[in-house]
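Colleague: Here is how the chains run, residue by residue.
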Amino acid sequence: MHQTVLLKIALVCVFVGLFLLYIFSETIEIDDTAISKINNAESGEKIKIIGIVSEVYSSDNAVFIKVTKAETAEVVVFKQINENITINYGDVVEIIGRTEDYNGKREIVADRIRKVK
Amino acid sequence: MFLQLLIALLLGCFAGIFTGLIPGLHINLVAVVIMSTAASLLHVASPLAIAVFIIAMSITHTFIDTIPSIFLGAPNEDTALTVLPGHKLLLKGRGYEAVKLSATGSLLSLIAIATIIPLLLKSIPFIYEHIKDYIGYILIFFSGIMVFAEKIKNKIFWAFFCFITSGILGLIALTSPMKQPLLPLLSGLFGVSILLFSLSEKTRIPEQQITEIEKVSNKNKTKAVSAAVFSGSLTALFPGLSSSHAAVIATQIVGDIGVNAFLMLMGGINTVNFVFSLVTLYTIDKARNGTVVAISKLIEAIPLNYILIFIAAAVAAGGIATFLALQIAKSFSTFVNKINYRRLCLLIIIFIFIMSFYFSSWFGILVLIVGTAIGLLPHFFGFRKSACMGCLLVPTILFFIL
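Line order of the protein sequences matches chains A and B.
Reminder that position 13 of the first sequence reads as 243 in the working numbering, one-by-one numbering, no gaps.
Reminder that position 168 of the second sequence reads as 189 in the working numbering, one-by-one numbering, no gaps.
Hints may contain errors.
[As the list claims (entries may be wrong)] Sample of chain A residues at the chain B side, in silico, Cβ under 10 Å:
1) 237
2) 245
3) 247
4) 252
5) 255
6) 258
7) 315
8) 317
Just so you know, these hints were derived from the structure itself, not from any lab.
We treat Cβ as the ideally placed atom computed from N, Cα and C, and that holds for glycine.
Whole structure, please, built from the sequences with the hints as guidance.
Modeller: Have a look at this one:
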């Protein structure tokens, strides 16, 4: 096989491989995390929780909610990242975000939030 | 997540250059190092990203490890049979072409195996269910093929003798408390013996040419790639079968395909073996390769989309590794003829002895010397070097039958 043909095939493999890697990496589901595990997780660890909104407090920049499963987790939803969502008491929401410590308290900063019901 | 996987992929390819270029280093040894450092790696990357790193490194390794085998005559378990045909081309000034042929075989076989993955996912559990009770007997059958591949009675006798003696040596080495037994065992049977034989022939490496000439017909290319996919898959299904066994089985199926197509076949087998091991891990929960074992320890239950990510990473890494293999082989070609070949052989022999002593102590040196003596038999009596693979086959057969 001519070297240029071999290198062209190799280049196609790189692009196809990376494209598929991108497509499949988007399908990765993060497991629903128990709230008790959130407190033990490393700060910055990616997590997903599904639960009922039990409290909502809105400021200029962010919405602070409490999500209850068997336990309650504090979640911060920044408005500029999640512009089009209205959260109400009783909503069942799915949150993907990262654990962070703020004022000595463990909370979740939401990267993505959507209503399940 | 994609960015993290991309970085892991590139770092893996980079690491694969070093592991592939170290003479005689098998990827399983690298896997041991990764597993021992996995706990600290998990602080900086997700298990999936580490798995992608391992896959990219392993795939790059299978493309690059032919370079020390061909240019320095220092093989590992997977490249043992590449040494002789690769060395022949090197002595004709075509060392670069030998690497190119191996990389071509690896890349084309990688594409072929990636294409049939959906079929494999369905068929492997069914096939394995039907053969798992007969693995020991199937390995005896494959060993018989290997010995009786010789056509002349005298050669059959010596091939059988070599198979049994290397098997006994393998049994002693693998059951001893020695650390890293494969290093002196395989280096003796396949590395030092070839280098000593080269020394006795007063070989001089001619000026290397970066050639475009490649005498492989399309028919032989197709035979080489399809045989690589078939026999490489067997090595992932049967424990103890190495790439060298797969090459012998493949050549029995496709017949004499010439040195060039044989190098393509060998390159393809090593790559297919790795990708197929990922499939067997998902389908039958069997990791037939050290690095795949490391992945299985990182991620306990592997879902389908992870396997698809692994295959995509392997394909991308294969493309990158082709560029790397050709560039590195070019660099080797420019300086390999400028060095004194006898001195180089002696230095590599001394290096292998030091490595064997460092990892396996005095017992390793003893195994290395006996292995070298057995490894010289094929050169003196003119039978296939693959008979020396009895060192792995005999212990595996006994494990399954007894």
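Colleague: Work down the list of hints and note, for each, if the structure agrees.
Modeller: Going down the list of hints, with the structure as the test:
The closest approach between the C-beta of residue 237(A) and any C-beta of chain B is roughly 7 Å, which is under the 10 Å cut-off, so the hint is satisfied. For the restraint placing residue 245(A) at the interface with chain B, the shortest Cβ-Cβ distance is roughly 8 Å, inside the 10 Å limit, so the hint holds. For residue 247(A), the interface hint holds, since its Cβ comes within 10 Å of a Cβ in chain B; the closest pair sits about 3 Å apart. Because the closest C-beta pair between residue 252(A) and chain B is about 5 Å apart, less than 10 Å, the hint holds.
Hint status for residue 255(A) relative to chain B: holds, with the closest Cβ pair at about 5 Å, below 10 Å. Restraint check, residue 258(A) versus chain B: the minimum CB separation of about 6 Å is within 10 Å; hint holds. Of the supplied interface hints, the one on residue 315(A) is violated, with its beta-carbon coming no nearer than about 22 Å to a beta-carbon of chain B, more than 10 Å. Proximity of residue 317(A) to chain B is violated relative to the hint, the smallest CB-CB distance being about 25 Å (cut-off 10 Å).
Hints 7, 8 from the earlier list are contradicted by this structure; the remaining hints agree with it.
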